[in-house]
Amino acid sequence: MYRCQYLKGHRLNTILAAADCIVPAHNYLENAGTLKTIGVMDHAIAQMPASLRLQFLTFISIVHVLGIFFGGRWFFNNLQSDQIRQLQWMERSSIRAFRMGFLGLKSYICMGYFTRETTWKKIHYWGPLKYDQPPPDPIIRQLCQDKLKVFA
Amino acid sequence: MSGQTEGFRMKKQYDIVIVGSGAGGGTVARALIPLAKKGLKIAILEQGPHYPHSYFTQREIEMMRLFRYNGAWPVQSGEITIAAGQGVGGSTLMYTGVSFRLPRIVLDQWQIPGLTFDDLTTRFEQIEQEIHVILPSDKMVNDNNHLFQKGCQNLGWPVKRIPLNIKQCEQVGFCNLGCDSGSKQGTLEVQIPEAVSAGIDLIPNCDVCRISEKKINATLKKAPQGTIEGPWKPGEIIIDASIIVLAAGSPCTPGLLLKSGFQETLPWIGRDITLHPAMTLYGVYPKPIINYRGFPKTFYTDKFTDSHHYYIETAFYYPFVATRHLGIWGKGLSETMSVYNQLMTVLVLNHDTIMPQNRITLNRKGEIQVNYQLSKEIISSLCHAQIQSARIFFAAGCERVIMPCASPQVIYRNKGDLKTLEKRIHPKNFIPITTPVSSAHPQGGCAMGEQTHRSVTNAWGQVHGYPWLYVADASLFPKSAHVNPYLTIMALADRVGEHIVNTVINL
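If you read the protein sequences in the order shown, they are chains W and R. Here the first sequence stands for residues 1 to 152, where the numbers follow my numbering. Here the second sequence stands for residues 1 to 507, where the numbers follow my numbering.
Isolated chain W (complex conformation) (with noise of 0.2 Å):
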């Protein structure tokens, strides 16, 4: 069992949400915004600097509240219409740390999706060759691996 320390309540719903818009359901290809990417993101977020760590929690709160100038509710109640369009203004916004912020974002649920081995089998990609190398992480290993139940 993996139980999230930092992706819970609204954030975790935000999340989820933008995780949909940023990787949605194509073909074999599942949506992004499920707890087993919650629970990589979690585990790599648990490792970053407290400074980068405090910067990227506060973005999400961000994501959240603005989502009440795009369809006038929290980002994950918004419509997927609404909630793309404020992540297109946010990408191509004037202000340097929306860019920054919505990169972070987006590379952190990538992160989250395209390194866990179910996915990899959806994109034909068949991962490495000495399958069983003892892992430096197990914890990230047992999640990229859908091993662990993750809990918000």
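Here are the computed lysine to aspartate or glutamate pairs in the EDC-like style, where the Cα-Cα straight-line distance is at most 16 Å:
| no. | chain 1 | residue 1 | chain 2 | residue 2 |
| --- | --- | --- | --- | --- |
| 1 | R | Lys221 | R | Asp207 |
| 2 | R | Lys160 | R | Asp302 |
| 3 | W | Lys121 | R | Glu335 |
| 4 | W | Lys122 | R | Glu335 |
| 5 | R | Lys331 | W | Glu30 |
| 6 | R | Lys41 | R | Asp201 |
| 7 | R | Lys37 | R | Glu498 |
| 8 | W | Lys130 | R | Glu170 |
| 9 | W | Lys147 | W | Asp132 |
| 10 | W | Lys121 | W | Glu30 |
| 11 | R | Lys38 | R | Glu498 |
| 12 | R | Lys287 | R | Glu399 |
Derived by calculation from the structure, the hints in this document are not laboratory data.
Chain W is fixed; fit chain R onto it per the hints.
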């Protein structure tokens, strides 16, 4: 070596200490073997861990720790992220083994008195033998590389083989995550083991905080689990050394000099930096190809190096990193990644020029900060490179391409004519930070030269005014090397080693 404990600080004494174990540090260490054999005490201090082959698990999320900042060290503007290795072997730990010689035309532009083409050529020949530089055979060319060759040939462009330093390569394709077979002949495999066998001490996990007159202040960290432990216990340490060689790489070597206060006498520290801004570009082939297995890099074209200042090389990366390069999200990302085994990839490498505003400084916390802004010329060059890369992809048979500076970013084959490409791929679509640009070749910051106020070291890497202090890494480059820099770093480091040997012998 003699050692003692003073309070909580350990003290050590050496004749020569090398800071860094990458292409520069490893090569200097090897060049100093004659002195070690004469009984001089020499140590290599490496900030990162000493990884055994068994550590390399071929999984990108687990191997991100081989890189500083997980492979994405952002410059201050956020416009570029730098990938640099952190561990014994430095960036040769996770490079692809590309071993170009410095082009003569570039050396002429450098204008370093005493640094001649003949001198470098002799060293290149010797080092190429030592690190086993070869031209890849046809057997090493996978589909992704074949398609690049085909695309260039169909366009009538020159396509050349990339010199690589590998030996009995298993061609598994994980070069950038650490070579678990030891085939890649970086300093972890060649120079460092030779130096250690000759009696040179290797100290991993040693973070050098400051240097002063023949003295080094450092902190030893605990070895991460699964890595090879060093000989000393964790804690603070002061090392006395008659000669100090800085080979921590650019930007860390100039950063260390700034942290140590040398800028008061050497105002050029941190200046004249270049980064080789790079973009990794993708095309989608109509059917599955062998792309992520096999050797990732075997061909390049220099068609546009003189006219537009870039090379195009073959490359291939793992799924998560690929999403960072693609620069797209939403439906386009899912569509592209769902055919990961159909992706064809190239790497565009711009050779940038030095600009006064681009320099290494320290931030308010005293941390190293790389100040770099992409100029209009570089953005224009990178857009030109995207247009030409799209042509290669289509000429190779790709059905669509993804170009970060195109609007929209996905371009289909039927709209792939040159006029359409030029219209759609345009500098106005470049958004700083959002458009993915990376660097794996930071250079400069301790430029060689004659004048103290316009350079940091002489042509032998000896710091002006400090005869006991040397620099032996890419920081020495006064301008971009144009090509992948590792062989040039090794040749310059070999010169530094030779100068130290001659100086010590003549004392």
